[in-house]
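Protein sequence lines, in the order shown, are assigned to chains E and U. Taking my numbering, the leading residue of the first sequence gets 1, the next gets one more, and so forth. Taking my numbering, the leading residue of the second sequence gets 491, the next gets one more, and so forth.
These are computed hints drawn from the structure, not numbers from a lab. A hint or two may mislead.
Residues from chain U that face chain E, not an exhaustive set, calculated with beta carbons under 7 Å [unchecked claim]: (1) K530; (2) E534; (3) R537; (4) F541.
Ideal Cβ positions, reconstructed from N, Cα and C, are used throughout, including at glycine.
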Amino acid sequence: MPPTFLSSGPPSVETTFDRFRLKVLAGVQDAQLRRYALVLLAAGAGLLPLMAGSAHAALQKVPTDGADTLLMLMGSAMVLLMTPGLAFFYGGFTRAKNVLNTMMMSFFLMGLIGVLWVVIGYSLSFGVGFKSPFIGGLEFMWLNGVGGPLGDAPLADGFSISATSFALFQGMFAIITPALISGALVERINFKAWFWFCLLWSIFIYCPLAHMVWGGGYLGPLGIGAIDFAGGTVVHIASGVAALVSAAIVGPRTGYPESVRPPHNVPYILLGAGLLWFGWFGFNGASYFAAKGAGLSFITTSASASAALLTWCLIEWFRDGKPTAVGAATGAVAGLVGITPAAGFVSVGSSVLIGAVVAAGCYIAVQFSGAGGSGGSAKSVLDESLDAFSVHGVGGTIGALLTGALAVKEMVPADYFPVSAKILEESGNLGLFIVQVKAVLVTYGFVAIGTTIILLMVKATVGLRVTPEDEERGLDFVCHGEEAYDPMTN
Amino acid sequence: MKMITALVRPSKVDAVKSALVALEIIGMTVSDARGFGRQKGQVERYRGNEFTVDFLPKSKVIVVVTDDKVKPAIEAIAQAARTGEIGDGKIFITPVEETIRIRTGESGEIAL
């Protein structure tokens, strides 16, 4: 049974409806309206199902808008590019004999999760069939009925983007999230284990979490009232915590920490960070869901990344005497992670502050988690190889909390964020901050427990690691029968 | 015939080549190498992890010359590769029993 928001054929009462809508909006400037629309977009994903069910009175039916839909399609392409970008970012850090395997752990998911998403992932995240605050439904399997017969129907009341563009956009998020986890497992996990882990993790962790935060579920603006603009919780905290847990369960690389080597290709790291930054304009910027107002979320995204890059390099310059390229790349990514939950809810000034604070926080986290280099004095027993938790987990957490502290009331409209707006109204930013803390803790617990169960299942069936001999040989050849750099090729 | 193996700074390879060609020593093999001597390694930092990199990049130049050209060749290489700082490199001389040109099967000094 398709939700009401999908059946948006031209109603005969359109004229009456339009007149009514214009009347309601008479006092509202168009620009302001757009801004509200964008805000709703963030929560929108989650809200729509609820709206469909409960017919939220405050949101009016709007026709699909070409520019807004185009923003989503452009954003989808940009977010897709983040996955190969991440592959380069991570690939540069590993040894030359493991670079293809590391990059495949991200790149392959454009196939696996790409299919999974259209088959069932979208439905589990944004359906309403199960009427549960924790999981969607099965009515949108194969994206059946999404966007109406011509694919141009709007997502839901109050949304001017097409449902099809939204489904694609969200699919790109689903692809990159498990890819982020790979940073904790590189250079030792069996590719078959990675396949099953990502499949199960996406279904049982990502989809429920997306539903809880964006799908109108437990954690979102219709539940306890936490806000997450573009995925600080769903994407970054989830992947960061999963990375930490899986690093513990899979165990360190053989010979860690003495065997740890410097990055094999720093230019790859910069290339990857550049692609990630570009793609993040789609990730955060297009999460505004409305072209006219998206300039704001584009600016906050970039300003935060700039502030974080600068902060990270200045810290290094001050402490070690030299700013590093790896530090600049890491700082930029940390800033992008930090602004993700906040991009459409805070002022530009706040975005710069978020970038700087997140960079400092992630810098400290990286110092604690590092292997200590060839000195061999591991600062951590965990081989969290590429700092996925220290950047995405810590950065996502700081960003989510600062979102609560810095959110601007006008940018969290009650139409789209009823519970969140009420909290802001009644107890201010402190109240929202406390809700954000709750959402973060729930996410940590849910992801940590779920990831542990999935990993233990995979361990018991296909096993997790390659043999120490295969680690020595290199995973490019062992897992894929290829080498990235053949010295005999000329 | 003697084989001269010179380990020099990568930035000095072109100067070494020019100096040898000026002596009409035509043909040489150059490869990338890594090593350390008294210069020892350097410390690199990545995300706060410190790595002591012991092996620094060098270039290995190999030429085989007739006995009468050994001395001028060594002088030419040393002069071209010297900066006066630690890390300029080393030159090793080894005897060569035979040289064969694959294309024609010629052997001895004529094959150089």
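Quick rundown of the hints versus the structure:
Restraint check, K530 of chain U versus chain E: the minimum CB separation of about 14 Å is more than 7 Å; hint violated. For E534 of chain U, the suggested interface contact is upheld, since its CB lies about 6 Å from the closest CB of chain E, less than 7 Å. Against a cut-off of 7 Å between C-beta atoms, the interface hint on R537 of chain U holds, since the closest Cβ of chain E lies about 5 Å away. Residue-level restraint check for F541 of chain U holds (minimum Cβ-Cβ distance to chain E is 4 Å; threshold 7 Å).
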